[in-house]
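**Student:** Fit chains B and C to the given chain A structure using the hints.
Chains as they are written, first to last, in this note's numbering: chain A, 1 to 492; chain B, 1 to 299; chain C, 1 to 325.
Please keep in mind that the hints were generated in silico from the structure rather than gathered at the bench. Predicted model, so just to flag it, every value in this text is computed and none were measured. Backbone N, C-alpha and C define an ideal beta-carbon position, used for all residues, glycine too. Please note: incorrect hints may appear among the correct ones.
Label-pair restraints from in silico Cβ distances [unchecked claim]:
#	chain 1	residue 1	chain 2	residue 2	range
1	B	Leu117	A	Ala322	26 to 36 Å
2	C	Pro240	B	Pro68	37 to 47 Å
3	B	Pro68	A	Glu69	41 to 51 Å
4	B	Leu117	A	Leu353	23 to 33 Å
5	B	Ala32	A	Arg231	23 to 33 Å
6	A	Gly323	B	Pro211	40 to 50 Å
7	C	Ile227	A	Gly261	37 to 47 Å
8	A	Phe206	C	Arg142	45 to 55 Å
9	B	Pro271	A	His124	19 to 29 Å
10	C	Lys122	A	Asp151	34 to 44 Å
11	A	Arg200	B	Pro68	44 to 54 Å
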Amino acid sequence: MLKQIQSMGTSQFQAMSAGRGPAMAYHEFYRDDFQPRDHYRPMWEHIQHTGQHLLGAKAREAHLALHTEGVTFTVYSNQDEGIERVWPFDILPRIITAEEWRALEAGLKQRIRALNLFLKDLYHGQRILKDGVVPPELIYRGKDFRREIMDIDPPHDIYTHISGVDLIRDEAGSYLVLEDNLRTPSGVSYMIENRIVERRILPEFFARYQVRRVEHYPALLLQALRYLSPRGEDEATVVLLTPGIYNSAYFEHTFLAKEMGIELAEGRDLVCKNDKVYLKTTHGLRQVDVIYRRVDDDFLDPLVFRPDSALGIAGVINAWRAGNVALVNAPGSGIADDKAVYAYVPDIIRYYLGEAPILANVPTYQMTDHQDRAYVLDNLQSMVVKAVAESGGYGMLMGPSSTAAQRAEFAKKIQENPRNYIAQPVVQLSRHVCYLDGELESRHLDLRPFIIYGRDIDVVPGGLTRVALTKGSLVVNSSQGGGSKDTWVLAD
Amino acid sequence: MRYRIERFGRTRFADQVREHHFELRIAPWDDAGQRLVSLDLTLVPPAVPAVHCDCFGNQVHRASFLSPHTEVAVTMVAEVETLLINPFDYKAVAPARELEWVAGSLHEAPRLLDFLLYRSDRVPDLAAVAPEAMTPPGYQAGQPLLAQLQEAMTWVQSEFELDPEAVVARPRLAELFEERIGSSRDLAHLFLALVRSWGFPARYVRGYLDPGYFEPDDEDEEPRQLPQVSHAWAEVLIPGAGWRGFDPARGLLADQTYIRVAVGRDSDDCPTQRNTFKGDAQAEETEDRLEVQILTESA
Amino acid sequence: MLSRIGESLYWMTRNLERADDTARILDINVVYMLESDEGATEETQWQPLLNIVGADALYAERHPDGVVSVQRVISLLTQDKGNPGSLYNSLRLARENARVVRDRISGEMWEAINDFWLQADKHLKTQLQPWRAAEFYAYVHREVALFFGLAQSTMIRGEAYGFTSLGSLQERADMTARILDVRYHLLLPDVKLVGSPLDYYQWGALLKSLSGFVAYRRNYHGGLRPIDVVEFVILNPDFPRSLTYCVNGMQGALDRIGTPPTGAVREAMAALRAHLTGITPKAILDRGLHEYLDDFLALLAGLTAALQSEYFEAHLSDADEVEVL
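This is chain A alone, in the form it adopts within the complex:
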């Protein structure tokens, strides 16, 4: 392998030396013979033609553009209170062919449709539990199962209006679902900003491809939100409920509110009266029909959930129950993206739709299963252990890079509370070429497409590609130092 790399000599493209990675990981950009895959060839040729050094100027331009636009996110770690960082963006796009996308799109739609039926069932007749497809104890011990909302009918029976499904490619290049995100997933604003910046700095790349657009996401979302209005689409007042400026995703909240032309409100700007929700404006109370809420269930209504929450709206669940307001995503959706429930999703698809799942899961071990648990505890070093209700990459053990002390700690946690953990074998996420510090290097990445469920189920062509910027790392979350790429889905 090494000899082959050295013999490539004349090419300006010396990326391979920077780390092809373990032979196992699928490489998005390169074939096994180190030639670019067909759909990357035009881009590769362009880079070779203009010169790698030009990329440096482009990268700086991109950083400046993001800085000027104020595209930031907040990183929290143990020591810091929270620092605002410019969004870390890699200028080389990730390209998905039309054919690949067709399969993904079908799989995602199928998955979301099934998960929605699952939620409706869990909070009503619970047939799937009675039929023994999903263990009832799993649900009733689930942290995010919200019994308080049992029997409430959301508008059009939709629970997961907005979802982000995290996809990876295994060593053979097959797409697998890593995780579902049904609790107001974030990242959409970055997906759009990535595209805006990419267009600005690398128009010459776009010239060589037909890339499907993503900037219309806010319009698509607004349409889906208005569809839910109890007073009808024409009359709909939609607001975005934000926890406020100290929330790590605040940039996205302001971005989306602005792009959709809707009011950005905090809990204290809203008040319930006679089971309706109103916005406190300088010209009196204005009734609200749809709330796109970026506040967790726990903090949404102090009358029903946490009484100490100052971020929510007292009485909003009663207004929702009365059918006077739509909540997006519906409270209680979190049980369906619980990592322990994830393992049952293929069965859930089969149960409600009578179809074979188009997208497969990553193999998952349930810690509540005696055999699974024993196996995992014996093999922690090659496992990824996840706490079921966490997100953002926290509460996770990366077996291969962990210390003995960390593994011992997790073993203890698993034994004390097995319902709280699942484990998966380490899958080598696929790799791609990035332009980092003047060099072309390979890094692991994943893909989070966004799915909107309104009158129809729409998958935005593309999504957020998240890159683990640290060499060899498989952790892609921005809150832990990940970056991203613009994601292109090619038109036919």
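**Tutor:** The following block gives chains B and C in isolation, referenced to the frame of chain A:
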């Protein structure tokens, strides 16, 4: 039995509060075991409360006062007819098949799992909080459940003392083991922890008692009239019968002298009142008066 | 717009104007201190400032010995964190409110007020010495002027602009009335002295604290007569710091925001306008300038309360019908 219940509650704040929303769980249940004949709820400041049923089946009355105020008062007058004259009157399931029956019920109605699986500080894992010296009775498979539950109540009464005037549940049941005296709520929680550890669904109940309970007991040296307060007990899913009430505070099965008002996994699920408001004031004074009168005895 | 946003826009500029006017009166006193005759004590020069901003009681608390010195007054009014009306606190509140409404003001406006705050905060960490004070107040004037200039040139003339104008004009009217009230009575303790020749420096200080000295002299050629000063400061519709100019401006701002046809705000504004129309300077003086200005300040306070109930807290009503917008 037919009862008339009058309940008055007032909350006074030291300073003005606003955007005050509250939910009340004070009305008696209306179901096969007891019939709610009439209900009248009056609020001051005047408001017409809305009603809904929560996920446990409790009737919830709610209202909001948005403008600044310092006081809220609620008066309830209700008439209820209790029908469970004989709680022992049902077709029992053979003891050997009781667990199977429960498993079947859970299978038919997974919602019941909440009453089996839920653990909290108020209803914790009994093994984790019971002191080593104490041995709570274990479940004997093959023996009738009803009898074992009665023995369990006897055990509670022997180890713990009831404070009849206490109306608050301890936030942590572990404390009860240290002090050995508690309210009816604490004893109900203890009983729930025990029954759940046996593998049976059991739920917390808050309600009203026949006024006779508060009357002075002539046998006492110093008979005293106790003020009427709401009471707490437990209900267990009895094979062949359904929910049956067990009052560990008095060692009795709940019959027609018990009026169910609210149920939950523990007392936190069904507080008398739940409210939020804006303003700095703490609730200064709360007044709570209850009067249950017998209208007609059962035939 | 959201009540909370309207309220923050209003208080952002009220606080900024307050900071500017506080700097203004301190500034003039510092300069005046250098120009005046040696006979005037520190107390007679600096006590009036405490009266104008209503900080006498707080000063007495801070300094039980009762001695009034320039350093003490400057510290209390400029940087004392325990003084809610100090320049420091006004700036802090202005910037906090600006942060709440960051999406409504231009990027340049936000950067201007944010940088201003960070600098001022740093500067005021140490005690401001009297001989450095003038420099600092000049800095404050420049930064505030920059902010308002940016507001004027970058904000769309809509509801947001309405609230920002309203806030600054109301505060300006408030401060002007206070300055006139206190200064005037120092200068004319005896009503019989109305019309007599007066100390050039004292009147100069009053007009300079309103940035109106030059404009006054251009408009009034009879010298510094109290009756003319009263007319200029209260009734002149073209002098940007006069009460009449401010109230007219406030009406314009409210028209931009949109007021309901009946209600507390409309009444409060009608009362303010009535107070300033159909009255002559002589009549004001005959009635008693202090009473007149006191009434004016009460009417302004009434407007603040009306704004609260009509725009910022309109939701606090339990009426069954909810306004349909």
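**Student:** So, for every hint listed, does it hold in this structure?
**Tutor:** Status of the hints after comparison with the structure:
1. B/Leu117 with A/Ala322: 26 to 36 Å: At roughly 30 Å between Cβ atoms, A/Ala322 and B/Leu117 fall inside 26 to 36 Å, so the hint holds.
2. C/Pro240 with B/Pro68: 37 to 47 Å: With a Cβ separation near 39 Å, C/Pro240 and B/Pro68 satisfy 37 to 47 Å, so the hint holds.
3. B/Pro68 with A/Glu69: 41 to 51 Å: Holds - the Cβ-Cβ distance for B/Pro68 and A/Glu69, about 44 Å, lies within 41 to 51 Å.
4. B/Leu117 with A/Leu353: 23 to 33 Å: Since the Cβ atoms of B/Leu117 and A/Leu353 sit about 30 Å apart, the hinted range of 23 to 33 Å holds.
5. B/Ala32 with A/Arg231: 23 to 33 Å: violated, 40 Å
6. A/Gly323 with B/Pro211: 40 to 50 Å: holds, 42 Å
7. C/Ile227 with A/Gly261: 37 to 47 Å: Given range 37 to 47 Å: violated, Cβ gap about 56 Å.
8. A/Phe206 with C/Arg142: 45 to 55 Å: holds, 46 Å
9. B/Pro271 with A/His124: 19 to 29 Å: holds, 26 Å
10. C/Lys122 with A/Asp151: 34 to 44 Å: Given a distance of about 59 Å, which is not inside 34 to 44 Å, the answer is violated.
11. A/Arg200 with B/Pro68: 44 to 54 Å: holds, 53 Å
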